[in-house]
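Produce the complete structure using the sequences and hints provided.
In case it helps, full-length UniProt numbering puts the sequence shown at residues 1 to 268.
Honestly, the hints are just simulated from the structure, not real lab data.
There's no promise every hint is true.
Claimed, not checked - List time: in silico SDA-like cross-link candidates among lysine to any residue, alpha-carbon distance up to 20 Å: (1) K267 / P185; (2) K31 / T216; (3) K267 / Q179; (4) K267 / G187; (5) K31 / T87; (6) K267 / E213; (7) K267 / T216; (8) K31 / S148; (9) K31 / R56; (10) K267 / V256.
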Amino acid sequence: MSVPRSNSLPARVRSDVAHNARVWNYWLGGKDHFPVDRAVGDQVTGMYPSIGEVARADRAFLGRAVRYLAGDAGIGQFLDIGTGLPTAENTHEVAQHTAPDARVVYVDNDPIVLAHARSLLTSSAEGATEYIDADARHPEEILRAARSTLDLERPVAVMLLGILNFVLDTDEALRIVRQLMDAVPSGSYLVLTHPTLELGGAGNEAAMRFWNENATPPITARSRFEFAAFLSGMDLVEPGIVSCARWRSAPGSGAVEVAQFGAVARKR
1 MSVPRSNSLP ARVRSDVAHN ARVWNYWLGG KDHFPVDRAV GDQVTGMYPS
51 IGEVARADRA FLGRAVRYLA GDAGIGQFLD IGTGLPTAEN THEVAQHTAP
101 DARVVYVDND PIVLAHARSL LTSSAEGATE YIDADARHPE EILRAARSTL
151 DLERPVAVML LGILNFVLDT DEALRIVRQL MDAVPSGSYL VLTHPTLELG
201 GAGNEAAMRF WNENATPPIT ARSRFEFAAF LSGMDLVEPG IVSCARWRSA
251 PGSGAVEVAQ FGAVARKR
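This is the structure we're talking about:
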């Protein structure tokens, strides 16, 4: 894949301002980014050298969490909000490898993500894959559109990986989570990752400040206490709230702790 030429870009795309989905793609070794994304990505890496490890650990966490949910937990429906640009081992690929009839709805509101997702995120014959162009801040819109693919009377895995950090107001972020989880039944799961200045992440503060001055959308870190609030009233899946790199990583894998919380929790 490659980013479309600037003269054919959708109207909402800014090729002169770095954007998270494209910078994240750059850190993951993808091809869907502009020079400004690479420049900002390199500057952030210079200020916080482990950011590439964070991106890779977050992606690996997605794979382990989805394999667990589609396998041991028996979940056949996934609502992945804040999808980002498609890369290897996307949610539907992992889920449908374990459960071919799994149904996956992706949500993002970046026009480049939209263009790539609709052409590349194809389902297995037995399952279903759909893409919704919507903002995470509007859960009612997401839920309304998701109903055409997902049965919200049956358990759903709601995935919010590296997305709530772009909702700067914590009360609003909590509202989003509660509204989404109130709409799905008991036995559903919430899957979260979120950057933190804990777990050795204090050096990321200056890099986040630089990001907020030079790229979109702005970002915030949260503490373990704030992260735990998103999971209030649910049952944490072992090992609970940990660095996403350490969540059910293979014994002896040598996973390096990164400053990104990860957790999976079941709705009672």
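Could you work out which earlier hints the structure fails to respect and list their numbers in ascending sequence? 6, 7, 8, 10
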